[in-house]
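Dock chain U against the given chain R, drawing on the hints supplied.
There are 2 protein chains.
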Amino acid sequence: MSILAIDLGGTKLAAAIFNEQGNIVEEINIPLNGREGKAVGEFILKTCAELLKEHKAEAVGISVPGIVNEKTGKVWAPNIPGWEDYPLLEEIKKLTGDIPVAIEADRTCYILGEQWKGKAAGYDHAIFIAVGTGIGAGIMVEGRVLKGANGVGGAIGWLGMQKPYDEKFRERGFLETRASGYGIARFAKENAEKRYGYTGMLSQIPEEDITSHHVLQAYEQGDPVGRDTLNQVIEYWGMVTANLISIFNPQIVLFGGGVFGPAVKFLDEIIQETKKWAQPVSIKQVEIVSSRLGLKAGLFGAGKIAFDLLEQKNNPNT
Amino acid sequence: MSILAIDLGGTKLAAAIFNEQGNIVEEINIPLNGREGKAVGEFILKTCAELLKEHKAEAVGISVPGIVNEKTGKVWAPNIPGWEDYPLLEEIKKLTGDIPVAIEADRTCYILGEQWKGKAAGYDHAIFIAVGTGIGAGIMVEGRVLKGANGVGGAIGWLGMQKPYDEKFRERGFLETRASGYGIARFAKENAEKRYGYTGMLSQIPEEDITSHHVLQAYEQGDPVGRDTLNQVIEYWGMVTANLISIFNPQIVLFGGGVFGPAVKFLDEIIQETKKWAQPVSIKQVEIVSSRLGLKAGLFGAGKIAFDLLEQKNNPNT
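Taken in order, these protein sequences are the chains called R and U.
Residues in the first sequence are numbered consecutively from 0, following numbering that gives the first Met the number 0.
Residues in the second sequence are numbered consecutively from 0, following numbering that gives the first Met the number 0.
Bound-form chain R, shown alone (with noise of 0.2 Å):
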């Protein structure tokens, strides 16, 4: 027994084979390269049925990056361009036929990878911080994943910690246009032309190129603009983990995504600015951790709803 999980990302796929005791057999890495609207979905179905020549998947989970429709499985992706509104379970089941298939946002996904096969293991209570090129919480309440009343819930993105309220955030909202890989490198350019006469390492790289991963080494180097920056969003980060654990009172919090790798050397600093802000028997009831999985949380997590699916189709009445 076999099922198939994808992890779509805005600018790159990933597919892998897991084997009934839920560990993977094969697996597929590749970038987007620029595809957008049917031509995306068209990929995942050449990358599939790759997949699906040498293993035959029983049922099918998918991570996507963006809010899912329930009851018609379109899918909403901000940053695929065409995913308006796009068929994606129509498609897919071109590929599989008769085959389950579930899908769900690619915050969903992080934190029941994590619980299954990372360290929110044996929690109910649990949190999965994702910065990558966006930010957003999967977060577990009593075992169930928050989805709000329509799938929208956990667009911490768009959460406000600075007042007053700018045009800026209108587009992400506050939180992503400060804390997350977009917003770290807007961040910094904005901080490199209010020093007036700065002309250290960002201000040699052509605006437009500028990424979250050219501020972190700013920040290593020293560089004033790079640590201005990153200090800022070190507090914001602490914020929104402080906040959170007020209101949910978990048992623990991870990080992750993409822009969390190569941030984790800030964990302590971002676990002493948390402290000062959260309700304080809450804070002292919760571990704050970096995810086990990395990057292949969306994709555990997309097997675990392939599984999940299995799982209630051999036995309806559980």
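Keep in mind that a hint or two might mislead.
Since the list gives no way to pick one copy over another, a pair counts as held whenever it fits inside one copy or between any two copies.
Said to hold, decoys possible - Here are the simulated BS3-like cross-link-like pairs (lysine-lysine), alpha carbons at most 27 Å apart as the crow flies:
#1 K188 to K118
#2 K167 to K283
#3 K70 to K167
#4 K274 to K167
#5 K70 to K52
#6 K162 to K275
Read the hints as simulated data drawn from the structure, not as lab findings.
Below, chain U without anything else, positioned relative to chain R:
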């Protein structure tokens, strides 16, 4: 058949008898008059004994301004001196004997009351934001109140919404120090001190006597400190409302509590501020309204938990 409901506040006590139809047939409202510790417990017993003289209650529900230990029935209520670990369940049982008793945090009771008899009826995803002396939220997720791993969830008074951290937030948290009844008075005093040569209304009142009601009054009169303070508080109220909407994707958000009664005239301004910050899909799916039950939300919630207890007792398998 009737039930006894008790709503303990930081400065007053309410108790009521509900009939089988869920209507209040008798009610007592009485100030604590500075009582502390065990004297508060005895006061509760005496008040209830009066109601029980004429009504036979089959279950008791109690709302407390703090955190309840579910196992021991002990209560931590920060605004009642001597209630660090008060054995309320044990005390109340001296009066009620074998009658089942449920004790819940006030924020839990607010949302349960409003779902039972107020504007949250029919909703499974609902949030009650209570602004009184303190600030907290009763949050309903999939029809169940969010309590967190150890019953401390919903502590939104601790939300950080403006860096940098300051030591003055240590005792009650950022949001409570800025936007609760306590916080509004304190914030206005700080703003008055910062305003050189201020001789307005708030400068005429002895500093230790200033309450949030004076600040609201000063705002009404166009006093610059009142205006500056309330305008910022409205921003914070909007931000926290937006943040909860972005995290929970709820169907309805209700405002209540002792300060939100007089402040409900700001509802439109709060909603305007909320719309700026919130996740754009979730904000379109939510109603933002004032509580229907107002200051009685806690009493109705206490009634509801007593009815639930009775229901459970009569139908143990449901």
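Item checked: Hint numbers contradicted by this structure -> Violated hints (numbers, rising): 1, 3, 5; every other hint is consistent with the structure.
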